[in-house]
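S.K.: As they're listed, the protein sequences go chains A and B. Number 7 in the working numbering belongs to position 7 of the first sequence; there are no gaps in the numbering. Number 477 in the working numbering belongs to position 172 of the second sequence; there are no gaps in the numbering.
Wrong hints could be hidden among the right ones.
[What the hints assert, rightly or not] Restraint ranges, calculated between C-beta atoms of paired labels, are given here: (1) H298/A with Y491/B: 50 to 56 Å; (2) T62/A with D436/B: 36 to 42 Å; (3) I288/A with E460/B: 25 to 31 Å; (4) A475/B with P98/A: 52 to 58 Å; (5) A353/B with S246/A: 44 to 50 Å; (6) K357/B with L90/A: 54 to 60 Å; (7) V75/A with I319/B: 47 to 53 Å; (8) W348/B with E59/A: 54 to 60 Å; (9) L405/B with Y188/A: 30 to 36 Å; (10) Y581/B with P98/A: 27 to 33 Å; (11) Q431/B with M243/A: 50 to 56 Å; (12) E59/A with Q547/B: 15 to 21 Å.
[To be verified] 20 Å max Cα-Cα, derived DMTMM-like pairs, lysine to aspartate or glutamate: (13) K120/A with E460/B; (14) K341/B with E361/B; (15) K310/B with E189/A.
I should point out that these hints are in silico values taken from the structure, not numbers from a laboratory. Keep in mind it's a predicted model, so treat the numbers as computed, not measured. Ideal Cβ positions, reconstructed from N, Cα and C, are used throughout, including at glycine.
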Amino acid sequence: MSSQSFCKKKRMLSSAIEDRIIHGVFLVCGLVTVIVLFGIFGLLFFTSFPAFEEIHVTEFLTGFDWNPTSYVKEVYGIVPMLVSTFMVTLGSLLIAIPIGIGTAAYLSDVASPRVREILKPVVEMLAAVPSVVIGFLGIVLVGPAIAKFFNISNGLNAVNGSILLAVMALPTIVSISEDALSSVPASYEQASLALGATRWQTVIRVKLPAALSGVIAACMLGMGRAIGETMTVLMATGCAPAMPKSFLGPVRTLTSSIAIELGEVAYNTTHYYALFALGLVLFVITFIINMISDIILHRYEKVSR
Amino acid sequence: MKKNKIQEILGFNILRLCTGFVLLFLIIIFWDIATKGIGSVNWEFLTAAPSKGMTEGGIFPAIVGTFLVTVITAVLAIPLGMACAIYLNEYAKDGTLIRLIRMSIRNLSGVPSIVYGLFGVVLFVQLIKIDTSILAAGLTLGLMTLPWTITASEEALKSVPKSYREGSLALGATKWQTIRTNVLPYSIPGMLTGTILGLARAAGETAPILFTGAAFFLPFLPKSLSDQFMALPYHLYIMSTQHHDIARVRPLAYGTALVLVSLVFCMNFIAIVLRYKLRKVRLE
């Protein structure tokens, strides 16, 4: 073997090894996402674990009082927060789902291509507004308006939170629903129109049902966003740590409870661990919602193929 | 027949109304912040530190803080996000591992921002002990941004035609050589576009930095990455809810909101223009 070809072979060998190594590096980077997801769950789990040495799990999950700083007896019950979270999320979905689906249907079936090209980035812009800014507007704009409309002294309540969360959930609902509606095969629409249906009937009776699973997944992702949103509800819902009485009263969600109390609590106390337990509950709820919408979206992808 | 026509006109107008609502929300947000914030934004506001118990002065330390944190976020999220996207799009073969990675990415993008904050507190502040600092906050935001940068980078990689790779491989280049010379040069601009959008969102986030390093008020600029910092979104939160004289500092809060929104939208605008230009180039 001449020395030249030996060198060449060696170079090829080294580039093959290089390729192997780089493959490995990229694999590790890919695995980081898995590690982070399980890491979040693991750390939340193990940090919240010591809390349950002092708090009974059933008391935690079914208790109606949350008072970790009481002088008499600290109580940790998350029901008021679950109810609060549920209330503002429900309120926001009642506003965001009809408007969101309507907008998606407009973009995919009514608007001219030119208008659509302009409006889609505009809707995306709404998603770019920082949540703290939306919360700020809840205080200075929506709050006073609600106080005036319902004739109450303070506009920082569940209605306020619902309106703001609706604004934040809208971009998600619109863009994913629009994708779902646009990917309904054109033949469905053509068949419907050929049978004499109007365009409106086609949209409502043919395209929406065909895209239904995608639209549902969009709404669920919007819901996940609303449940996990912190700053807007922290700023605009009044945050009284009691059982919410009505939509016009103050509420305190899981997210805002963590945000309020973690700043004041000493590290490694029962209260501190309990706040991580709240985080764990929040993580599990959003995880389940994401998984379900993921499954729905995937089934939908397969069907549309 | 006529009834159907009326129904259609009515229905379409309802859809237009829905879209009108969305636009209205956006216009209200911009109009209110722009008109009420513009009065307090001037050169001094942008370049001076807050003074007299934050009732006067500017927001310079908050601008610097947000900038520094965003740099850390970028340093973590851009290379890692790109590498993960390269693995998924170029190396990986369909299988359980890939499904697991993809599931993780989709779920990570749905994890609430406050949960990232909790994660950051335990991991960076308590376990790794880098204390509440720019570094801890930036890394927390970086992890939060990761799923967005991965998704954006993958889109960019997918848009490179398969023939580019095949040509290179057929000439005997290794996989990495192919990626380096025939895939990355064409996809990096697209990757950056998506990444800028992710960074803009990170720059406006508050919940993850609440407990990982953002400070209420600091009389001086951070000297190193292990110092605490002031940040624009956190400053807005303080000025609108925690300050002792909220009514008096309202104009300053509006000014801060305007600066924050302008910053985020400038970044978005750059990304959108970049994307538009790239699309045009590709079509030619």
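S.K.: Return holds or violated for the Cβ distance of K357/B and L90/A against the range 54 to 60 Å.
M.R.: Since the Cβ atoms of K357/B and L90/A sit about 44 Å apart, the hinted range of 54 to 60 Å is violated.
S.K.: Does E189/A sit within 20 Å of K310/B, going by the straight-line distance between their CA atoms?
M.R.: The hint holds at about 17 Å.
S.K.: Do the Cβ positions of I288/A and E460/B conform to the proposed distance bound of 25 to 31 Å?
M.R.: About 27 Å separates the Cβ atoms of I288/A and E460/B, which means 25 to 31 Å holds.
S.K.: For the hint 47 to 53 Å, verify it against the beta carbon of V75/A and that of I319/B.
M.R.: holds (49 Å)
S.K.: Keeping to a limit of 20 Å between CA atoms, is the pair of K341/B and E361/B held or broken?
M.R.: Holds, because 17 Å separates the two Cα atoms, which is no more than 20 Å.
S.K.: Determine whether the Cβ-Cβ distance between Q431/B and M243/A falls within the hinted range of 50 to 56 Å.
M.R.: At 33 Å between Cβs, range violated.
S.K.: Take the C-beta atom of H298/A and the C-beta atom of Y491/B, compute their distance, and say whether it sits inside 50 to 56 Å.
M.R.: The hinted range 50 to 56 Å is violated for H298/A and Y491/B, with Cβ atoms some 30 Å apart.
S.K.: Holds or violated: 15 to 21 Å for the Cβ distance of E59/A and Q547/B?
M.R.: Violated, since E59/A and Q547/B (Cβ atoms, about 32 Å apart) do not stay within the stated range.
S.K.: Quick check: does the Cβ-Cβ distance between T62/A and D436/B fall within 36 to 42 Å?
M.R.: Check passed, 38 Å falls within 36 to 42 Å.
S.K.: Is the distance from the Cβ of Y581/B to the Cβ of P98/A consistent with 27 to 33 Å?
M.R.: holds (32 Å)
S.K.: Are W348/B and E59/A spaced within 54 to 60 Å by their CB atoms?
M.R.: holds (57 Å)
S.K.: Is it true that the C-beta distance of L405/B to Y188/A lies inside 30 to 36 Å, as the hint says?
M.R.: holds (35 Å)
Checked against the numbered hints given earlier, this structure breaks hints 1, 6, 11 and 12; the rest are met.
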